[in-house]
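Student: In case you want the letters, here they are:
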Amino acid sequence: QVQLVQSGAEVKRPGASVKVSCKASGYNFNQYVLHWVRQAPGESLEWMAWINTGEGNTKLSRNFQGRITITWDTSASTAYMELNSLRSEDTAVYYCARDSIYLYWYFDVWGRGTLVTVSS
Amino acid sequence: QFVLTQPPSVSGAPGQRVTISCTGSSSNIGAGYDVHWYRQIPGTAPELLIYGNNNRPSGVPDRFSGSKSGTSASLAITGLQAEDEADYYCQSFDTSLNGQGVFGGGTKLTVL
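Residue numbers (our numbering), protein chains in the order written: chain A, 1 to 120; chain B, 1001 to 1112.
Think of the hints as simulated: they come from the structure by calculation, not from any bench.
Backbone N, C-alpha and C fix where the C-beta goes; we use that ideal spot for every residue, glycine too.
Misleading hints may appear alongside valid ones.
Stated by the list, open to error - Among the chain A residues that face chain B by a calculated CB cut under 8 angstroms, a handful are:
no., residue
1, LYS12
2, ARG87
3, PHE107
4, TRP110
This is chain B alone, in the form it adopts within the complex:
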């Protein structure tokens, strides 16, 4: 079981909007810790997509956006493109276990 819960898979047609949820608890997201998102093409290293809940690194298109509320966060992707097909992971900090980084279980995005 993962400290941060993500849906195993989501899908959408090209041009559509999809969201990926990330549910935590009072010891991580609910405690005010930031949520970050990564995209990973199988066989390659993760790539930072969103940091600090809703900030995009340079080079990441504005089709990607993040939000956070209470004990959950979401990643939204608009104008879905075939190249968006990948695995997506959320990440935060958790105060349990002496404080450490935690990841979600990952969500496989399929572009139909």
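Okay, chain A solo, but in the shape it has when bound:
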């Protein structure tokens, strides 16, 4: 079935980097856009970035520009989100989610999330 499988929980020190993976299965990886969304404890959802692996382009939220890097490995149907210069406010569950190739901006399949804890 269609699913997105994310990497496991991480604990990082302030100032470090974290790289979260999202492996797609059950559909053609290059025929959909993938978004990254995060949710701090007890808070709402925050959009971070999207990637179009078929066209090879990405768009980043201004809130994360300079700190976020999105990459992918088409052969492994896997996308990666790396966030640098971590601070305590980055403690959150990070989700990848699937969108249409036409960027309708609704997400019909979500990963289960990756908890990233930033603590000294």
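Here the structure of chain A is known, so what remains is to put chain B in place on it, guided by the hints.
Tutor: Relative to the frame of chain A, chain B by itself:
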């Protein structure tokens, strides 16, 4: 502050109808961008409930419906059931900040 404003909480008794509002502005909902709704059980990932203002993915019962007018949108749930207790989020696209997705602050639905 969130670009899309939702009430923090709503409640209703089993069988009743509840609505959740989502108020935006001229740079998102008012500009004609679609509104989508998600349900989230705490500790799990969000689930798409309504897309394109008023469309239900397969498997979502017709007790759930969406509407949009002007700079606002609403999610209505009829025949409330205990399993509907969850957090609900609206989402749209906003042309400010170089164009990006935006979510509401979320609404906690309590079934009394």
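Student: Should the hint that TRP110/A touches chain B count as held when the rule is a Cβ pair under 8 angstroms?
Tutor: holds (4 angstroms)
Student: Minimum Cβ distance from LYS12/A to chain B below 8 angstroms?
Tutor: violated (22 angstroms)
Student: Is the hint on ARG87/A kept, meaning its closest Cβ partner in chain B is under 8 angstroms away?
Tutor: violated (21 angstroms)
Student: For the hint on PHE107/A, does the least C-beta distance to chain B fall short of 8 angstroms?
Tutor: holds (6 angstroms)
Violated hints, listed in ascending order, are 1, 2; each of the other numbered hints is respected by the structure.
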